[in-house]
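Produce the complete structure using the sequences and hints provided.
6 protein chains.
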Amino acid sequence: MNRHVVIRSIERADAAFIDGLGAAGTATVHEGIGRRGYAGPHIVARQRGVKIAGSAVTVSSHPGDNGMVHAAVSVCRPGDIVVVSHTAPSTHGGFGDLLATSLMAHGVRAFVTDAAVRDTADLNAMGFPVWSQYVSCQGAVKATPGSVNVPIRFGEAIVAPGDIVCCDDDGVVIVPRAEAAWAAAQARERLDKEAGTRARLEAKELGLDMYGLRDAQIAMGVEYLDTWSQ
Amino acid sequence: MNRHVVIRSIERADAAFIDGLGAAGTATVHEGIGRRGYAGPHIVARQRGVKIAGSAVTVSSHPGDNGMVHAAVSVCRPGDIVVVSHTAPSTHGGFGDLLATSLMAHGVRAFVTDAAVRDTADLNAMGFPVWSQYVSCQGAVKATPGSVNVPIRFGEAIVAPGDIVCCDDDGVVIVPRAEAAWAAAQARERLDKEAGTRARLEAKELGLDMYGLRDAQIAMGVEYLDTWSQ
Amino acid sequence: MNRHVVIRSIERADAAFIDGLGAAGTATVHEGIGRRGYAGPHIVARQRGVKIAGSAVTVSSHPGDNGMVHAAVSVCRPGDIVVVSHTAPSTHGGFGDLLATSLMAHGVRAFVTDAAVRDTADLNAMGFPVWSQYVSCQGAVKATPGSVNVPIRFGEAIVAPGDIVCCDDDGVVIVPRAEAAWAAAQARERLDKEAGTRARLEAKELGLDMYGLRDAQIAMGVEYLDTWSQ
Amino acid sequence: MNRHVVIRSIERADAAFIDGLGAAGTATVHEGIGRRGYAGPHIVARQRGVKIAGSAVTVSSHPGDNGMVHAAVSVCRPGDIVVVSHTAPSTHGGFGDLLATSLMAHGVRAFVTDAAVRDTADLNAMGFPVWSQYVSCQGAVKATPGSVNVPIRFGEAIVAPGDIVCCDDDGVVIVPRAEAAWAAAQARERLDKEAGTRARLEAKELGLDMYGLRDAQIAMGVEYLDTWSQ
Amino acid sequence: MNRHVVIRSIERADAAFIDGLGAAGTATVHEGIGRRGYAGPHIVARQRGVKIAGSAVTVSSHPGDNGMVHAAVSVCRPGDIVVVSHTAPSTHGGFGDLLATSLMAHGVRAFVTDAAVRDTADLNAMGFPVWSQYVSCQGAVKATPGSVNVPIRFGEAIVAPGDIVCCDDDGVVIVPRAEAAWAAAQARERLDKEAGTRARLEAKELGLDMYGLRDAQIAMGVEYLDTWSQ
Amino acid sequence: MNRHVVIRSIERADAAFIDGLGAAGTATVHEGIGRRGYAGPHIVARQRGVKIAGSAVTVSSHPGDNGMVHAAVSVCRPGDIVVVSHTAPSTHGGFGDLLATSLMAHGVRAFVTDAAVRDTADLNAMGFPVWSQYVSCQGAVKATPGSVNVPIRFGEAIVAPGDIVCCDDDGVVIVPRAEAAWAAAQARERLDKEAGTRARLEAKELGLDMYGLRDAQIAMGVEYLDTWSQ
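Chains as they are written, first to last, in the working numbering: chain A, 14 to 243; chain B, 14 to 243; chain C, 14 to 243; chain D, 14 to 243; chain E, 14 to 243; chain F, 14 to 243.
Hint data in this document are derived by calculation from the structure and do not stem from the laboratory.
Certain hints may be false.
Any copy will do: because identical chains look the same in the list, a pair fits if it lies in one copy or spans two.
[Claimed, not checked] Think about it this way: if two alpha-carbon atoms lie no more than 25 Å apart in a straight line, the pair counts; the simulated DSS-like pairs of lysine-lysine are:
(1) Lys-155 with Lys-217
(2) Lys-206 with Lys-155
(3) Lys-155 with Lys-64
Note that the coordinates shown come from a computational prediction; the quantities given were computed from them, not determined experimentally.
So this is what it looks like as structure tokens:
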């Protein structure tokens with residue numbers, strides 16, 4: 014298959030599950046679904062304190078080109094998040110305040126790219142959240158074909174159109190659309206469990222005891238000693 | 014030519030053009046002058062929201078040495094920006110609150126380096142803006158010769174003494190001194206044009222139509238499809 | 014020696030020296046003790062404006078595992094800082110709000126790691142400071158043995174249990190426990206000296222003259238010229 | 014889905030297609046199938062001049078652990094290539110001459126990993142080819158679960174069990190199993206075409222003319238000038 | 014200036030100087046001309062033992078595009094070396110055996126790029142030497158304009174058309190065309206001097222004495238001690 | 014302690030143990046002594062097939078300076094290996110054929126640095142082995158003080174003067190001098206054991222069975238399945 018396509022219509026998950034996953038935060042979601050879908054530490058929040066999820070509109074783009082992002086806008090719906098993957102590493106800032114204006118006008122929640130964003134001061138002022146590998150004032154051309162709404166690799170994750178994109182200060186996690194309900198339940202369960210754990214840790218209980226780690230470690234050969242002696 | 018020199022007197026651009034370029038921001042300036050002069054995404058603003066331009070006083074320095082920065086102070090004039098390039102990669106924090114105090118006393122607007130800055134909390138408190146590749150508390154020696162006000166490579170850009178250094182949250186862009194007037198006009202023109210574009214995008218017009226991209230993409234072989242079918 | 018140990022009892026430096034070093038800041042301490050002990054620019058403050066020091070509780074851990082951090086909590090005392098080194102590069106976020114809750118409950122001042130932290134928004138809200146190489150929502154397992162309170166390499170520094178860990182926006186510096194008093198005195202002396210230097214620089218005096226650099230540079234072959242001439 | 018599985022039986026492509034793709038080389042295959050499937054320049058051949066393809070037996074492993082590679086051996090068949098992806102970056106040399114001995118005994122053709130290999134001098138002497146991101150003498154543990162023969166991300170590519178793994182001095186390219194016949198034909202066709210192109214280039218014909226680039230570039234605004242004049 | 018140009022006719026240095034510089038090797042040339050012009054350690058020889066120099070035909074290219082390399086071929090003359098700089102980081106292998114065939118047919122001596130080369134096994138078999146930042150089987154498009162024979166930044170060096178490009182196993186060094194005669198003389202002188210130094214070092218004389226370093230170091234505070242004592 | 018010292022006389026391990034460790038190879042030694050002392054994958058052999066060990070003469074140097082390497086030569090004895098650590102990252106090629114000539118004249122076995130080497134073609138021709146982070150033709154100055162034969166951090170390892178430095182194609186491993194006899198015995202034992210393992214693997218026995226991994230993995234939750242079923 015070596016066609017370039019723009020797919021107009023994709024399936025999306027139920028909004029309640031999407032919002033539940035967004036509110037749970039990436040660490041909880043990632044842990045809840047079996048430690049999958051993390052894009053990697055090089056994808057960085059370019060603002061502080063935003064915690065959000067949306068439906069992936071995916072873009073596969075040639076480096077240094079943002080023409081297909083414009084194509085993506087034409088198929089976005091309110092609640093979507095545009096996720097751009099480049100077919101080779103790129104540092105271009107092919108997304109700035111104009112494209113953000115366009116995405117906001119169409120109800121898109123965030124923009125996520127493995128290249129760069131620019132106009133970061135304006136984006137902050139506008140309140141439009143972005144996650145990217147780089148910040149760069151260097152713009153992109155519109156000269157090469159690509160695809161919209163095909164499965165892509167994004168950082169260390171794989172994203173299909175309509176998957177749930179969870180974003181916060183800890184990075185970006187992808188949840189497969191078909192697992193939305195289960196994932197949201199897993200996240201809720203985990204949040205409940207963590208509340209109890211937190212209370213016990215605040216009361217100075219040790220994780221070492223709580224998780225039965227001391228014995229496990231001694232079984233692995235760890236020696237607990239009062240002071241060092243060879 | 015293998016001499017080390019400190020040049021005391023350099024030509025500078027007209028202050029009005031410099032300030033116009035500073036206010037336009039790096040993304041606009043970079044685009045306006047034909048996508049040239051960007052130092053690269055590894056040169057990072059160490060504060061938020063500062064947008065400034067000045068005349069380059071250039072420094073070519075041995076790694077781990079800041080003696081020539083002191084030489085540079087002696088030739089700075091109000092409105093200048095000191096730009097330091099090292100002859101090999103360096104992570105030393107050869108610039109901190111003392112040198113910043115000195116530069117502020119001489120009316121210098123900013124400090125830009127491909128190595129590191131230190132005392133970053135103090136620099137923020139003083140309101141002296143810096144752009145650097147690293148932050149590091151490790152200071153530098155004053156043991157080797159270098160040059161001031163010679164042409165240098167800075168990141169991915171080339172800087173001549175007196176060129177205009179534009180800095181903001183998106184990075185650092187260099188404008189050749191001889192092009193100051195033209196560049197300022199280009200930037201203004203671009204800002205005007207973007208205002209119109211922004212209004213149309215806010216009204217939900219698509220960039221895909223506005224820039225005639227849809228037909229161009231179809232001509233490149235991109236297929237617009239309602240849903241996926243092999 | 015290929016044993017895994019957890020040492021419960023370590024020597025710590027005098028609290029007054031520790032607090033003095035923390036207040037002096039890493040740049041001053043690093044310079045004061047002869048430019049030693051800096052962990053490197055890849056260890057980054059994950060909050061702004063915190064300046065602190067504490068006694069090192071060291072952890073040597075297998076990548077992707079945080080079981081030994083739980084062991085470390087069990088030997089921490091108020092005023093300590095946990096420093097985690099991995100036996101090979103790791104990007105896992107093996108430290109988040111639950112472990113921070115536990116460390117805070119035991120009076121620990123900060124957490125420092127050459128891997129990642131997660132729940133960074135929560136950590137900021139809790140006011141628990143962290144320094145790390147990465148931010149990542151990806152958690153760790155508890156499957157392999159390691160050691161607590163043995164000498165470790167941390168970034169480009171070496172840390173023994175009980176050494177003083179100094180942290181601020183410029184990074185992390187380690188002071189050997191045995192040198193605490195001397196180091197605190199060096200830092201104080203340096204701060205005093207810098208106050209005088211700062212006043213002279215504010216009065217536009219040149220570092221070039223103050224440090225006798227002009228003559229030294231001329232002796233190294235640097236030519237001071239009014240304008241360029243080949 | 015958060016299960017760990019070892020799948021014993023997978024579909025493989027026809028050997029003739031696999032061998033044809035191996036002989037064509039990665040550059041030709043990558044180009045032939047529409048510039049897809051390249052793992053990236055960080056995956057490097059650890060010997061010179063080997064050009065090979067095989068059926069992917071995939072491994073998803075925790076960093077610093079090679080237990081699942083042993084599980085993979087148990088499901089390998091002659092002609093396979095083992096491809097190991099780690100769930101987070103890892104530099105461990107979890108593959109050396111012993112595992113190579115085991116793979117050779119089972120007819121496996123090569124080993125490909127996004128972490129490291131060790132015993133590289135022995136591997137060369139044995140004639141067992143490897144592609145890796147790192148070389149490291151540091152071994153791995155066998156303490157955490159993972160999976161064999163599930164779809165994985167490998168570098169910048171996606172690999173399903175049974176896909177064709179093409180390896181040579183230029184890196185690693187993945188061809189989906191279902192496209193084996195088509196891809197082999199594309200590669201052959203491209204090799205034929207390149208033979209003709211090569212002959213014309215040897216006869217000093219210009220690519221500029223052959224590909225009609227001169228006019229295309231002039232249309233894009235490129236000016237062909239005899240000498241520079243502003 | 015935001016024009017894209019291909020300049021057909023450039024000045025070149027005298028062949029005798031070029032060949033003398035090539036034979037001297039990059040380390041000698043770099044040292045001889047005052048430690049300037051080194052492209053940096055990321056530009057790596059993709060074969061062993063080749064030592065060569067030629068006249069620079071420069072290319073400024075958009076990432077992922079090699080159309081302008083074809084334009085460069087049309088202006089090359091025997092003895093030239095093509096040097097390609099990208100306007101942003103690129104890992105594409107936009108140069109392989111076909112373009113090498115074309116360059117060889119026109120008498121070009123080598124190809125140097127800050128992106129990647131491919132078909133490296135073929136290039137070695139053909140005996141056409143290349144220096145690059147990456148090896149990658151991923152090809153490039155021919156969709157965007159660029160320039161040939163304009164001044165470029167290449168790695169950490171600046172290259173004007175017709176400058177001398179020196180290449181060997183230690184990397185790439187640029188000598189300005191106007192300095193060719195002087196540089197060749199400097200290199201010869203240095204080679205003569207090193208022959209004498211080598212003989213003395215072989216006779217076990219110490220560099221410490223030969224260069225007068227011992228006293229200089231003692232003056233800088235270095236203490237020569239028989240054994241360690243605090 | 015902020016003194017710079019050159020220590021003339023250091024303790025060395027018994028030659029038989031050193032040579033035994035050299036012959037065993039880094040992977041075996043590293044494993045044998047409990048997976049310690051590895052310098053990291055960024056320290057790379059600059060020739061193929063050399064396997065050697067020697068006594069560490071350590072150098073702590075300022076970046077871009079090689080004056081202290083000359084000091085080190087003056088205290089070297091036959092069988093030594095010079096190990097240079099820089100106080101901050103450096104890419105300078107401060108070691109080439111002249112220093113190699115000097116080291117060979119004094120019986121030194123190898124040179125190991127976290128910066129660069131140059132004249133690599135000559136070094137290969139001379140048969141003097143080197144391990145380094147970079148190759149660079151860029152030389153160093155002799156302007157700043159440093160130390161010889163003090164404990165240093167080298168990559169991810171710690172080296173004391175007289176420790177055993179083991180080097181081969183897999184990298185560099187440090188063995189503490191006091192553990193030489195024990196380490197040599199551990200390595201020998203491991204080599205013997207591996208011979209038996211190798212024979213069994215050649216006979217197609219599975220590591221999965223040999224190491225009891227199958228049951229251990231099943232206990233961790235790994236499911237062995239014939240084919241995939243959700």
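Evaluation of the provided hints:
| no. | hint | verdict |
| --- | --- | --- |
| 1 | Lys-155 with Lys-217 | between (58 Å within a copy, 20 Å between copies) |
| 2 | Lys-206 with Lys-155 | between (49 Å within a copy, 18 Å between copies) |
| 3 | Lys-155 with Lys-64 | neither (31 Å within a copy, 28 Å between copies) |
Checked against the numbered hints given earlier, this structure breaks only hint 3.
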